[in-house]
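K.L.:
Dock chain one against chain two, each of which comes alone in its own frame, and use the hints as you go.
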Amino acid sequence: MQDINIVIAGAAGQGVQGAATILGKVLLRSGFHLFANHDAQSRIRGGHNFSSLRFADQPLAAGVKRIDYLLALNQESLSRHLNDLTPAGLAFCVDGLGGDITDGRLRVLPAEVGPEGARRPQYQGVKLLARLAGRLGLAPAILAQVVSERFAEKGEAIVAMNLQAIEAVLAHSRQEESAPLAPPAQPLGPRLLVSGHEAVALGMIAAGIGVYAAYPIGPATEIMNLLAEHGPDLGIGVEMVEDEIAAANLAIGASYAGVRAAVGTSGAGISLMCEAIGLAGISETPLVIVDGQRSGPSTGMATRTEQSDLLFVVHASHGEFPRAVLAPTGPEDAFSLTFAAFNLAERWQLPVFILTDHSLADAQASVAEYDLGRLTIDRGVMAPEPGETTELPRYQLTENGVSPRAYPVVSNWLVAQDSHEHNEYGLVTDNPENREAQMAKRMRKLAGLAATMPAPEVQHPEAATLLLCWGSTVGPVVEAVENLREQGQNLGVAIFRQLFPMNKEAVRAALAGAKRLVSVEANSTGQLGKLLLLETGLASGGHIGKTDGRSFTVEELVVRIGKYLEEPA
Amino acid sequence: MNAERFQSSFAPQWCPGCGNYDLLDCVRQALPELHVPREVILATGIGQTAKLGFSVRANLFNGIHGRALPLAMGMSMANRAAKILVVGGDGDLFAEGGNHFIHALRRNLDVTILAGDNRVYGLTKGQGSPTGSFDFRAPIHNDGVAAQPVNPTALALVSGATFVARTFSGNKEELTGLIKAGLQHRGVAMIDVLFPCVTFNRINTVAWYKKRLKPLEAEHDVSDFAAALRLATGGEETIYTGLYYRVERPTHADSLAALAGEPLVKRAAEWRPERVRGVLAGFR
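These protein sequences, in sequence, are chains Y and D. Throughout the first sequence, residue numbering follows the working numbering, covering 1 to 569 in sequence. Throughout the second sequence, residue numbering follows the working numbering, covering 1001 to 1284 in sequence.
Isolated chain D (complex conformation) (with noise of 0.2 angstroms):
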């Protein structure tokens, strides 16, 4: 078991020091300690961090912005034995993408999300993201964003996320641990990664996470929802990092009598145009 087993030939094309590195780094240690690259999809969007997607070696589905999780959830519905791996931006998932994060966590699809979260769009050079400070200023925000920051861990514990973690892109040894984790979780698990944009964010640097970031205390009850929210929403004089919250619910797939059994995709012997005979008598 090596990473070299999931690495591509696409070199990725960061900026030096980004944390989309770490990112990629970690996924490509996760995966080979459970999987072989055939059984794993990934299903990206558009922005930097969705490119990590080509770096990886398996199967790929790179779509247009925002609309990664409901590609993925077509994904889970016609494969439910298949591993997906959803990878975005904060651009691609909590603005273009916001509407679908919130109904896939509701539907506790079996995917894990690896939230890329710098608070900053870096494709387009700069602007703040939907995760940006309220006074993060750039030259299209004169004002700074004016708008409260999107908090992904808090705003997956209210979907009804089963599995919400947040940690820093430099913490990998943290980070590998909770993608094996996440892999490793039925249902869906979010993870938010905080990573610096050395380009286009000089508020959150690495010296602003080194100062606040702390391992949740190792007392911390990961299946007590009100103590995740709490500490997922208590400010940012400290980050926490690690596992909020696990729970067991049944999947979106589980809850599907259609999907039940063997995944739609192995059914094929059942398509055949006789299959709607008996529904006919209906119309008679």
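If we strip away everything but chain Y, and leave its shape as in the complex, we get (with noise of 0.2 angstroms):
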């Protein structure tokens, strides 16, 4: 594989983002595969932020730490990231932020390069991307639709300035020897690039939903400014509530009313929603809950990224009632897997959670255009119509747990739904052996949607040793082992996407051929490992674990992982 990892780096409120989506799209239109990650403080101003944009000849699912070419926004960039650029790689800044660094891979741009009305701070993002198509040998005329596109907004003037620019730095630029990248020899078709928590809000659009609703927080509020965005367009009611408590009770009341609800949070707000999860439950209406893990507990680093969440989400809420537990590596499976979401929770009335994390959600990547034709809705079991108005058995006991369902208002059942142990029309009661038959019922569906679970994803069964691994950091392990192999090592991977409940002779059979299982997560306690012991009796031997808030990088984790086989910890 060949591949460039570029660092667009500045101050929060500098452009950083902006210039990363433009070269994103650069690149995806240029026929790459693409991965980029974004790293930022907690502050609309200031402070340090960076975008690593890597493309490669093959699909990409991580980012790495060696930077190739560095685009420093600010004098900071150049003494923070020059550490990382490899002995052949080149910084680019425009000229006065080169200070007295005498670094030979430092290419400043001359100020008078490009026209007089180019030469505010607010064109040196342009101007570098200009300096970086020229040394890549990007085509010119995409990087001039990208960028017209991007400013369009703001009206002809504006563009234009940049195109000058633009045309400006690439003839300079002409002057150095370029050094591309030839894509791969196979065009790779319709390609998007994305996002995971923008791949789970258009799974969500797939999906049907009605309703959305949320408080501002980070990683999630991407989901609700998708959603809000095309609501009106598409009929879905997105509200910003005055609280999370508010979010899941007012999807928990939409989902019975009739529509595809859900909520987006982090796990703060998580904590909060806990009791409406429990209604969920036992009220056995449909939900769907976006977890964007962040570090914690509390307030913890609420920009930095953490999968410490997991056994929170599979106990979260008083008493006991199925649930359903999904977990995205990436933006594709973000969208399968939230289209899926919707369905699981109709077909079986209860709770579903995808869970994400700040990496995952920020994380964009080139994914083939999704295939819409193998998507269908299943709402899951209605009741008949009734030819008069008549009390639904909305609890009634079944074989599989499932009572078919009926939408107030639009039919004749009129439907009773309580957060008391009830009855099967949903009325209230504390009768000892009705509880035991309606916890009885809804226990079944748990057993019942195991066995629908599927085996984890895994990658070389015959290996001695399978690092146990879901969420954003399967990525980066998938690559460091393909890395420690070629290096001689016996190494596999199991990719958990079902995290809960799971199907438990299916993991047992697919996890069968290791001699040692070894969990690599970004929690300090192992959590993968500690719910796989409980669900299926299989126990990790070990666990490789990261809680400063940042991605793993392959990198770092080929020494890990190395270091891990020479001495357990």
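These aren't lab readings, by the way, just hints derived from the structure by calculation. These figures come from a predicted structure and were not determined experimentally. All C-beta atoms in this analysis are idealised placements derived from N, C-alpha and C, irrespective of residue type, glycine included. Treat the hints loosely; a few may be bogus.
Unchecked claim - Heads up, incomplete: computed chain Y residues facing chain D, CB under 8 angstroms, no partners named:
1. Ile245
2. Gly258
3. Tyr370
To be verified - In silico DMTMM-like pairs for lysine to aspartate or glutamate, Cα to Cα no more than 20 angstroms straight-line:
4. D:Lys1266 / Y:Glu385
5. D:Lys1266 / Y:Asp233
6. D:Lys1266 / Y:Asp378
7. Y:Lys65 / Y:Glu555
P.N.:
Put into structure tokens, the structure is as follows:
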């Protein structure tokens, strides 16, 4: 594989994100595979932000630490990142930022390059992109097109100024040798550049969501933004409510009234939603809940990633009730698993968690355009419409525990749902026989659901050691394992996308070939390992963890896994 | 049209003399004059008043303590044609649910709220509620409640309610009329229903209320916000009953473009995976 890693760095408000968006689209349209992640501090202005864009002739699902090209929007970016620049790498900045740095890899763009009007700071991002495009031999027409689209809203004059700046910088760059990377020989077909949470929102739209409720919180706000943008056209009611408690109860009310409904938040919001999650459980109301995990507990590090909510969401809320927990690994399965979550929620009438994390939420990857033809919306078992107004046995005892639903007001059924223990008609009772019957009915759903859950995807199942992973950790683990196998290590990977309930027999069979299981997760205690033991009796032999709030990089994992294999901790 | 159409087989179990019986009677009287059971959803929380929902034959979602209003908001977004009645006590609506109360009223959610207000917690045996008076004493309040009571009528007014009324559970004719008017109002209708707790509230008894209750003057202008607020906050020597305030404003559903036209629940034909196709264009 040939790959190049570019870092764009600067202070918040300097346009790091805008430049990264433009470069991402240029690389996508130039035919490359692409993975981009973003590192931001929790502030509106200042601080230090950077985006890494890695592109290659093969699919990518992880970031790397080494930098091939650095685009520095301020001086701090040079001092912070030059250490990671490869010996053959180059750093670009505009005149005046280089200071007294004498590094031979630094290329300073003279101030006089480009039109007079483009000397203001907001143009430096585009100039550095043009400088990079020249170096990489990217087609100027693609860059010009993406920049024109990006600034179209700002008017023709701004677009023209940007295009002149690009042209001037490209002309200037021709003095230097270019070092192009060839895209894959076979054109890749229609593709998208999507972040994890954009993919979740797109999956919700495809699944026919009617109502989404949330309180703003990173990294989930991106889902609300995308749904709110398209809601008026598509008939999706998006409500920013007073708190996460309201969000969860609102979604339950909407689901009861007959539309697909979801909420999105991070762990702090899930803490507030706990009581409503139990309400969805006992009232058997379909509900999809996105937890974009971030560093905890409490406020923790608000813009940083972690995978520490797994055991929490498996057990969240008091009492016992069935639920499902799904964990996408990137923008491709984030779309399909979100779509599937709504079908599961309605088929089994329970809360379904989509467990993402900050790293996954923000990271963009190029994916083949989603195949919508394979998707089918399944709203579960509905009660046949009665001829006249009749009380629905909403909690009818059935063999698989699923009772036929009906939507109130639009049918002749009168539908009663209840947070108390209730009889088959949804009316409160604490009769002991009824309690055992209703409890057993609900728990039959958990057993039935577990039996439909697929086994983890295992790569190199014959390997002596299998690394257990989920979420955003999967991409870097898979790439690190391939590197380590080339060095002769006998390693494989087990990727868990359906975390709860586990299909015990299927999971045991999938992992049967391994002598040792080791979990690799962005948490302290090895939560997947613990859950595996609880659900299947299989014990993980160890844990490679991380709680610094940053995404795993491939290099870091190669070192840490290699070290672990030498001396297991 | 008669109350039997909304009579469920579930018998309530309140203390004899509880104001909830009167409230239930009035709900069952008012509903059939305007609706059939399938058109109506009761959204309730937890507490003695919230249990009223089980005894009304209609659609019902009995949710959790304090959260009936967000539950109702979700119902209203999914089906703006549903007739939604939120029924709860003073603990449900003003303690656990206080935040939601303010925000539902700000939004002019198209629901009718019946607040059963007896100033005391019954289910947990006699603690002062948020509407309980400053010097209300109970075993856990040796110093009295020691907080100014929430004034539901005034709170509704300043939170943006478009229909605000107050009456006493024993004024059954007035209460039935107000419930009907509230159901006919487009937007949030908040009715504070004062009633006695014969078991735990020895202060605000039927006799205490009878001495103070007085219908709003016939010339009270229900479009006059300042007059409504003045009457609502004029102390308890005289407690005025009737319709304090009514104004027409766009409802929550009116204000959301996504909810225009047919209720969302009836738009199932649009729910196909192909719906996302146009949105994908922005990611190429």
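K.L.:
Hint by hint, which ones does the structure fall short of?
P.N.:
Checked against the structure, no hint fails, so every one of them is satisfied.
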